Amino acid sequence: MADYLSILFMAGFAAFMACMVLFVGSLFRPRNPYSEKLSPWECGMEPIGEADTGHFRVHFFIIAILFIVFDVEILYLFPWAVILKEPDISTLVFIEMFIFIAVLTVGLAYAWAKGALDWIK
Amino acid sequence: MFEELLFIFFSATAIGSALGVVLMRNPVYCAVSLVVCLFQVAGLFMLLRSPFLAVVQVFIYVGAVMVLFLFAIMLLDMKQIRYERLFSARGWVPYAVVAGIAIEFVAVIYGGGMDALMKVGATKAVDVKTFGRVLFTEYLFPFEVISLLLLVAMVGAIVMVKRSRG
Chain B
1 MADYLSILFM AGFAAFMACM VLFVGSLFRP RNPYSEKLSP WECGMEPIGE
51 ADTGHFRVHF FIIAILFIVF DVEILYLFPW AVILKEPDIS TLVFIEMFIF
101 IAVLTVGLAY AWAKGALDWI K
Chain E
1 MFEELLFIFF SATAIGSALG VVLMRNPVYC AVSLVVCLFQ VAGLFMLLRS
51 PFLAVVQVFI YVGAVMVLFL FAIMLLDMKQ IRYERLFSAR GWVPYAVVAG
101 IAIEFVAVIY GGGMDALMKV GATKAVDVKT FGRVLFTEYL FPFEVISLLL
151 LVAMVGAIVM VKRSRG
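Going down the list, the protein sequences come from chains B and E.
Going left to right, the first sequence walks through residues 1 to 121 as the numbering used here numbers them.
Going left to right, the second sequence walks through residues 1 to 166 as the numbering used here numbers them.
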């Protein structure tokens, strides 16, 4: 279990650093708020409507699904990487994972060929 | 002692962020709060000597499920929902459900049901090495089938999106 303690320390240190950057920054930066600063601004044009009323491109859906599939794939790389150095099964395990990834690469190639990765205007 | 402190820290943060999920107005804030909560649960799994389960928690819940949650939040118009009260005074059903679950938990833990459960699963903690060895030797074929399953899911999603567009 102590092996994993370093992960906790790293996460804690990263969180601490993030908080400290914001805190120290708040000490030194000039503070001059006015309402104009809060308005969404793009090349001087006044924005029309709201940004959060569901005008979200469906195309993100396919990217999200692809992410989830490869997320699950990466999950299996964790126990794989841990036992990869075991001398008696390392070759078998290595080949096994390559077959696993190759099958999923077929899916990626399919997505690519079908143009699912292209951004449609 | 150190582990107890960690347990208290993880549990307190989990409860706090879970309250944030329920009480905050902006759905995106709720989702981020849920991410914090799920990370704490991963920490609790770690304390229970289940590093693989902790990693699954982070990958599947924080990674995959939260992406879908955020996707749904972005896709739907959340303006209306934001101003509706989830726990209104007249709606007693949520309170009743939560109270029922709480009573059930207390009854299981203090009624000795937990001890029986612990005895059923009273195996020693499985480290990732043992787990990986079993997964990649004994369950070699099911493991490879997983890749086909993921492939089918991916192709299915692409086909559906393409059809709805064309």
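Heads up, some of the hints might be wrong.
Looking from chain E toward chain B, a few residues come up when the C-beta cut is under 8 Å (computed) [unchecked claim]:
1) M46
2) F52
3) I101
4) F131
Chain B residues, not near chain E, derived (Cβ > 12 Å throughout) [as the list claims (entries may be wrong)]:
5) V21
6) Y34
7) S35
8) E36
9) K37
10) M45
11) L108
A short, non-exhaustive set of chain B residues, derived as facing chain E with CB atoms under 8 Å [unchecked claim]:
12) D71
13) V72
14) I74
15) L77
16) F78
17) P79
18) V82
19) I89
20) I95
21) F98
22) V106
23) W112
24) D118
Rather than coming from a laboratory, the hints here were simulated on the basis of the structure.
Owing to the predicted nature of the structure, the values given are computational and were not obtained by experimental measurement.
In this text, a Cβ means the ideal position worked out from N, Cα and C, and glycines have one as well.
Each hint tested on the structure:
no.	hint	result
1	M46	holds (6 Å)
2	F52	holds (6 Å)
3	I101	violated (29 Å)
4	F131	holds (6 Å)
5	V21	holds (19 Å)
6	Y34	holds (23 Å)
7	S35	holds (20 Å)
8	E36	holds (23 Å)
9	K37	holds (20 Å)
10	M45	holds (23 Å)
11	L108	violated (8 Å)
12	D71	holds (5 Å)
13	V72	holds (6 Å)
14	I74	holds (7 Å)
15	L77	violated (10 Å)
16	F78	holds (5 Å)
17	P79	holds (3 Å)
18	V82	holds (5 Å)
19	I89	holds (6 Å)
20	I95	violated (10 Å)
21	F98	violated (11 Å)
22	V106	holds (6 Å)
23	W112	violated (10 Å)
24	D118	violated (12 Å)
Violated hints, listed in ascending order, are 3, 11, 15, 20, 21, 23, 24; each of the other numbered hints is respected by the structure.
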